[in-house]
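Chemist: These protein sequence lines map, in sequence, to chains A and B. Here the numbering used here is used: the first residue of the first sequence is 1, the next is one more, and so on. Here the numbering used here is used: the first residue of the second sequence is 1001, the next is one more, and so on.
It is possible that some hints are incorrect.
[To be verified] Computed cross-link-like contacts, DSS-like style, restricted to lysine-lysine with a CA-CA straight-line distance of at most 27 Å:
| no. | chain 1 | residue 1 | chain 2 | residue 2 |
| --- | --- | --- | --- | --- |
| 1 | A | Lys334 | A | Lys96 |
| 2 | B | Lys1096 | B | Lys1366 |
| 3 | A | Lys353 | A | Lys371 |
| 4 | B | Lys1296 | A | Lys23 |
| 5 | A | Lys13 | B | Lys1096 |
| 6 | A | Lys23 | B | Lys1023 |
[As the list claims (entries may be wrong)] Here are a few chain A residues that face chain B, going by a calculated C-beta distance under 10 Å:
| no. | residue |
| --- | --- |
| 7 | Val21 |
| 8 | Glu27 |
| 9 | Ala28 |
| 10 | Leu32 |
| 11 | Pro43 |
| 12 | Pro51 |
| 13 | Leu74 |
| 14 | Ala84 |
| 15 | Gly90 |
| 16 | Leu108 |
| 17 | Val113 |
| 18 | Glu115 |
[Stated by the list, open to error] Ranges of calculated distance between the beta carbons of each label pair, as one might list FRET restraints:
| no. | chain 1 | residue 1 | chain 2 | residue 2 | range |
| --- | --- | --- | --- | --- | --- |
| 19 | B | Val1379 | A | Ala28 | 31 to 39 Å |
| 20 | B | Thr1269 | A | Ala28 | 33 to 41 Å |
| 21 | B | Gly1100 | A | Arg6 | 24 to 32 Å |
Rather than coming from a laboratory, the hints here were simulated on the basis of the structure. Cβ atoms here follow ideal geometry from the backbone N, Cα and C, with glycine treated the same way.
2 protein chains.
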Amino acid sequence: MTIPERSLELHEKHHGKIEVVSKVPLEAREDLSLAYTPGVAEPCLRIAKNPADVYRYTLKSNTVAIVSDGSAVLGLGNIGPLAAIPVMEGKAALFKQFAGVDAFPIVLDTQDVDEIVETAVRVAPVFGGINLEDIAAPRCFEIEEKLRARLNIPVFHDDQHGTAVVVLAALFNALKVVGKELSQTKIVVSGAGAAGTAVVKLLLLAGAQDITVFDSRGALHSGRIDLNSSKQELVRLTNPRGVSGELKNAINGVDIFIGVSQPGVLTGTMVQAMGRDAIVFAMANPTPEIMPDEAKKAGAAVVATGRSDFPNQVNNAFIFPGFFRGLLDARVSKVTEEMKLAAARALAECVDKPTTELILPDILDKTISPKIASAVRSVL
Amino acid sequence: MTIPERSLELHEKHHGKIEVVSKVPLEAREDLSLAYTPGVAEPCLRIAKNPADVYRYTLKSNTVAIVSDGSAVLGLGNIGPLAAIPVMEGKAALFKQFAGVDAFPIVLDTQDVDEIVETAVRVAPVFGGINLEDIAAPRCFEIEEKLRARLNIPVFHDDQHGTAVVVLAALFNALKVVGKELSQTKIVVSGAGAAGTAVVKLLLLAGAQDITVFDSRGALHSGRIDLNSSKQELVRLTNPRGVSGELKNAINGVDIFIGVSQPGVLTGTMVQAMGRDAIVFAMANPTPEIMPDEAKKAGAAVVATGRSDFPNQVNNAFIFPGFFRGLLDARVSKVTEEMKLAAARALAECVDKPTTELILPDILDKTISPKIASAVRSVL
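Please put together the full structure from these sequences, using the hints given.
Modeler: Have a look at this one:
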C-alpha cells in the first residue's frame, strides 16, 4: 500500500489520532470524591480566590489550543475546518510525543478575522498558549496581532514562525558548509505569504542585508501598486538594490534561494546562474520549486526541501513542540523575536558537523525539544 | 488529611486531571509520514470531498465539548470560567473512565447568552456533541434552545437533564419500595432553577399528575407576577390544585419531596406532615435541604441526597457518560425527551431489588453506562 492508503487506514482504524485520558486514578469511590464531587470544590475555591492558581491546579499550565479556520491547509488550500482536523490532530500528537505538551484542535466554523479573534479570546481561559495553524495570509497577520494584544498567554502562528525558525537554523548550518557569512550573502525569497514574510523578518533580525522577495507577479519593489499592507511592509524592509521584474532575471549571483511558493518556480538554468556554492531551499509542498537532484546537477551545494523522502527536511516539527514547552514552563505571556532567534541557533547546534546532506538533525531525536525549550527560556 | 486537602494535593501534583495523548505510534520516521505530513493529506482530501467522512477519520466521532461559563459551579455560584476548570476536567475524566468518551473543557470568557451561543457554534466542528455545564438559569434554557436550533450535533445541559434522569430513575425505584404509582402521588419540587425545571418536565412526561413547584418566594402559581418566562411555563404545566404560599403550609399529605434548592428548606416537622411512606430527595449541595437522619427520624421511608457519604446518592455521573456514548454511537443530532425517559428506566433497572437504602446502583459499576447508551439508541 502507498503512504496515502496506509494513512487513510490508520485514521479510520483509530477514528483519528488523539484521545483525552485521565491522569488520576478513578477506580475507587474515594478517587471520585477527590477528582470530582465533593473534593473538587476545593481547587475551584482556591482559583476563585486567586486566579493565578489556575496554573497550579489545572491543565492550563500544560495545554495549547491549535486554532485553525482551515483556510490554508498544507498545500491543499482552503479546505475548511472539518477537513483540517487530521492535520491538527497530527500536531497535537507530535506536541505530546516530543515535548509532553497537551494540545487540542480548535477548528473554527468561521473565516472572518474578527470572529476568529473573538472566539479564540473566549475559549482562551483553559489554555496556556495558542498555536495558530493553517490560516491564510494576509488575515493570519492581523489575527495574530490582535490576539497578541488581547491575550496574556503566548500566541504563535506556526506556519509563519515555526517555518522561519527552522529555515534560519538550516541556513546557519548551510552557510557553515559553504563557508559564507549571512550578512554578506544575496538572498531571494520566493513566496510572500505567511511563511515567506516571517522568514524574511527573522533573516533580517539574524543579520541578513540583501533580501529580495518575489510573489507570483515578480519582485516586491516600491514601484508595485498591487501590494497588500503586509507586502508593502516587506518592500520597506527588503530589496536594497531596487530589483524589479521576474525571478529568472534577478537570480544571477544570488547565494541563497528560499522557496515557499510553487513547483517549477526555480529551474536548473537558474540554479546555474546562482553560481558557486549556491544554497537552495525548495520548500513548496508536496512538490518543491525544483527537485533536489535537478538542483544538485545544476551545481547547488546544499539543497533542502519540505519532504521527508529527501535529505535536509525543513520540518516545523523540529520547533513547535519544544518552543511551546519553553513558553509554558516559563509561563511566557508574549513571544519575542529573540526567542525565535535563540531557538534557531539551538536547533542549528543540534548538528555537530553540518554537511551538504545533513544541515538538520534527526527529527526523531528526543533531545531537540528540550534544547529548544531551554533556548526560549534563556532569553526571558 | 481531609478530602478537600487531599483533593488539592492531587490537583497540584498532576497539574489538573486530564491529558491529551496519541492513539497512534510516533516512534519511527514512517509513523510521522502516516500521522502527519505527507500522509495526513489523504484523510484531509477525503473529508474535503465528503464532509461526513470527518466521523470516519477524526476524533469528532468520539469527542464531546464540556462548555461552561462558570456561572453556577457546583453549589459555589458564579465563580467564573477559570475556577470552573477543575469541575470540567473531572467530568472529562469520568466521561473517559465510564464510557470511553473523549471530552475536553471549553470554559468561556463570557457570560452573555449570544456570545456563548456564537462561540459554541464556531468551535463545534471538532466535536460530536456538546455537554453544557454549570451555566446559571434562566440563561441556560435559552442557550440550550438556540444551540439545538443551530447545530446538527446533540446538545445536553447536564445540570438539567442529567439531574432529571437520575432523579426519575431513583424515584422509579423509591416508588417500588413504598408501593405507590407515580401518577397517583402528590409531589413538591423545591427549586425552580435549571435542575428543578428539567426534573418537573421529565416527571410529567413519565406520568406525574400533581406537582407543585416552589422557589424561594413560595409556590409557583398563576397569581405570581414576579416570574421569569421559564417559571411562567412551569406554572402552566404544574400546580393543578392551585396551591399558593409557603412550602410548610403545602406539605400536608405530600408523597414526594424533591429538593434542588437550599439547606434548611425542609424540617422534621414538615416530613412528619407528609405522612406515611414519604419519599425525600434532599439534593442541595453540599448541605441537603434536610439531613438524612433527621428525615428518617421524622418518618421518611426513602431518603436520597447528592452526597457520596450517605446512601442513595443522586449523582449525574450515572448518566452523562453513557448517555453521550449512546448519542455518539448512533450519531444522534438531537436529544429527545424519550431518550431521557429510556435512560431513566435503564438506570432504575440496574437495581435488581430496590430497598430503602438502595434505590440506585453502585456508581463504580461499569455495566451501567453501556446500558444507558443502549437505552438511548433504543428510542431512535
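Chemist: Now look at each hint and say whether the structure bears it out.
Modeler: Now the hints, each set against the structure:
1. A:Lys334 to A:Lys96: Holds - the C-alpha atoms of Lys96 (chain A) and Lys334 (chain A) are around 22 Å apart, at most 27 Å.
2. B:Lys1096 to B:Lys1366: Since the Cα atoms of Lys1096 (chain B) and Lys1366 (chain B) sit roughly 12 Å apart, the hinted pair holds (cutoff 27 Å).
3. A:Lys353 to A:Lys371: 17 Å, holds
4. B:Lys1296 to A:Lys23: 40 Å, violated
5. A:Lys13 to B:Lys1096: 19 Å, holds
6. A:Lys23 to B:Lys1023: Roughly 16 Å between the alpha carbons, so the hint for Lys23 (chain A) and Lys1023 (chain B) holds.
7. Val21: Cβ of Val21 (chain A) sits 6 Å from chain B, so the hint holds.
8. Glu27: Because about 7 Å separates Glu27 (chain A) from the closest Cβ in chain B, which is inside the 10 Å limit, the hint holds.
9. Ala28: 7 Å, holds
10. Leu32: With a minimum Cβ separation of about 7 Å from chain B (threshold 10 Å), the hint on Leu32 (chain A) holds.
11. Pro43: Pro43 (chain A) check passes; min Cβ-Cβ to chain B is 4 Å, inside 10 Å.
12. Pro51: 5 Å, holds
13. Leu74: Constraint on Leu74 (chain A) satisfied, holds at 6 Å.
14. Ala84: Hint on Ala84 (chain A): holds, closest Cβ of chain B at ~7 Å, below 10 Å.
15. Gly90: 4 Å, holds
16. Leu108: At 5 Å from the nearest chain B Cβ, Leu108 (chain A) passes the 10 Å test, so the hint holds.
17. Val113: 13 Å, violated
18. Glu115: 7 Å, holds
19. B:Val1379 to A:Ala28: 31 to 39 Å: 34 Å, holds
20. B:Thr1269 to A:Ala28: 33 to 41 Å: 39 Å, holds
21. B:Gly1100 to A:Arg6: 24 to 32 Å: 25 Å, holds
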